[in-house]
Amino acid sequence: MSLHDPNFATDKHLQTALRHAPDQDLAPSQSVRDNVLAYATNVVKQAPENLLKRSFNAFVSLHLKNWNVKAWQVASMGALASVLLVMVMVREQAPQESIWAESKVGDLAQNKVESPDEIEQKNYQLKEHQSEINRSAEAPELQNVPMRTEGSMARKSPEVRQSQKKSENLKPEAKSGLPAIEVPTKQLAETSADKAEAVETLNAQVAEAPDTAVEAAAPSVPVASSAPVGASASVVPTEADAQLASSKRATASEHSMRNAVIDHDAIVEKLLTLGGDNLAKQDIAAGNYHVLKLDTEACEKLGKHESHEAETNYKVVVLALCGKDNTARAALLQTEVGSYNKVMRNWQQHHNE
Amino acid sequence: MSDVFADEDLMRQFCAGKAHAFRLLYARHEKPLYRYLRRLLGSAEATQAEDVFQDTWMKLVDAKDSWQARDNASFKTWLYTLAHHRAIDILRKSGREVSADEGWIEDDAESPWQLWPAATAQQPEQQAFWRKAGQQLLHCLDALPVLQRAAFILHHDDGLSVEEITLVINTEFETVKSRLRYALAKLRICMGAHLLPILEKDSV
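Those protein sequences? They're chains A and B, same order as listed. Numbering of the first sequence is given in the numbering used here, commencing with residue 1 and proceeding in unit increments. Numbering of the second sequence is given in the numbering used here, commencing with residue 1 and proceeding in unit increments.
Quick partial rundown of chain B residues pointing at chain A, CB under 8 Å, derived from the structure: (1) Glu30; (2) Lys31; (3) Met58; (4) Trp130; (5) Arg131; (6) Gln135; (7) His156; (8) Leu184.
Some chain B residues flagged as far from chain A (calculated, every beta-carbon gap over 10 Å): (9) Glu8; (10) Arg28; (11) Trp78; (12) His85; (13) Ser94; (14) Gly95; (15) Ala143; (16) Pro145; (17) Leu167.
Under the rule of at most 27 Å between Cα atoms (straight-line distance), these lysine-lysine pairs were calculated in the BS3-like manner: (18) B:Lys31 with B:Lys59; (19) A:Lys342 with A:Lys293; (20) B:Lys31 with B:Lys93; (21) B:Lys76 with B:Lys18; (22) B:Lys132 with A:Lys12; (23) B:Lys64 with B:Lys18; (24) B:Lys76 with B:Lys93; (25) B:Lys31 with B:Lys64; (26) A:Lys45 with B:Lys76; (27) A:Lys45 with B:Lys18; (28) B:Lys64 with A:Lys45; (29) B:Lys59 with B:Lys93; (30) B:Lys18 with B:Lys59; (31) A:Lys45 with B:Lys59; (32) B:Lys64 with B:Lys76; (33) A:Lys12 with B:Lys177; (34) A:Lys12 with B:Lys31; (35) B:Lys31 with B:Lys18; (36) A:Lys315 with A:Lys342; (37) A:Lys315 with A:Lys293; (38) B:Lys132 with B:Lys31; (39) B:Lys177 with B:Lys76; (40) B:Lys59 with B:Lys76.
I should point out that these hints are in silico values taken from the structure, not numbers from a laboratory. Each residue gets a CB set at the ideal place from its N, CA and C atoms; glycine is no exception.
In isolation and in its complexed conformation, chain A is listed as follows:
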């Protein structure tokens, strides 16, 4: 008996006894048999679906079973995956607003968000610019200009307003669904510029015509406003600014009409203190063009514009004196009113020529 003999150490008697053992014909139960065969059948039916998986497993078992992954390899793959993810996110990022697709690159660059320091600096420059305008004008009408623009636009530099205007023009529907309105801003800017130019022109005329200047010893108080006016605000009308003053007449008339009712008593007092000539010149400088009329009976028409004068087409401001003044005061007022109206008419006549 050789060691390589398949029957090595085979005991025929023990083998015969083993084959006559009582468990020789035992078999598993029918349920076990059914379970095994059904399981194998199901696996065979599902095999086509798992063909790719089986191929992958076979590839892994044959080629990659001895591949020991190192830590640096895992780190490298992770870093590469992260970079790819970031690149895809940057490349595929959708615009958050549809307006992006319609706007241009240059417009987007102008709509950049400014830092608080930049805004503060531009506000300071704007205030300096407005102060310069006010100093050159020194007129109560121009002092009202910053009040009109003291909203959001007044705090922003021209660059900011331009950027905001372009932004509004770019996406009017995206903001509120209402059409964008840019007229007020434009009108405000034009009004400020024109008025500043008018005042500068008037000041230049004063310097050129010193013989017609009126000395103002006492502090001047304009008819239309309680704001002080400088002593050098004497005005002599010339032809150079006639056309400009004519274009602003309507606006000045409205301003004086709005304040006439309020300052009725002040007009009377200034007529008595300053005199009709000086007050008329101040009103002309301020752009308040009207004539005065004394009425001792029409008490209910205090300070109201009754009508337009036919000669000058200026509005007539009625100064009612019923029950208030004595005859002497009325006579003095009548004299000053005459002087006031004379200066106004001369101005108007000179302007028409």
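With chain A's structure known, arrange chain B on it following the hints.
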């Protein structure tokens, strides 16, 4: 017809998606494998034999792709390897000793073989003797260490060579050979002690 194809051919057909090939394989190895598990587990764990048997076949089905990856692998060796390791796990969990018990015994223990009927020429009147011998052999197998028992059954009942047994038990060739020697010696002593009185009584 199932004998026309070798086990490996049927297994390849099964891996190709033919379920009937698996039925032939199962029918061919159902009783031998179940018997091996019953005898290896012994009378104490005989109730676990069906579970181990079912688990073995299901595991074989699941791992058929890995069998395909092996070139020239014997199906029978692979099947018994799966079953053997599953049974060893059961025995370990039950607390039975599965390590090799290489206790020395006399190799040429005295056995009255000359009194026994010829193993190759069985006559009807001798069937009763061999049935008693078979029943006694099962008792003697229970007394063997697990790995000696496995080596003896695989070699005498299932016809595996020593080389194939080394694959199933996953041990060295010399180890299998020694375990077979120990198992034979112990079984001869055990069988002689029980059958000799019967033979002497019959001879009288």
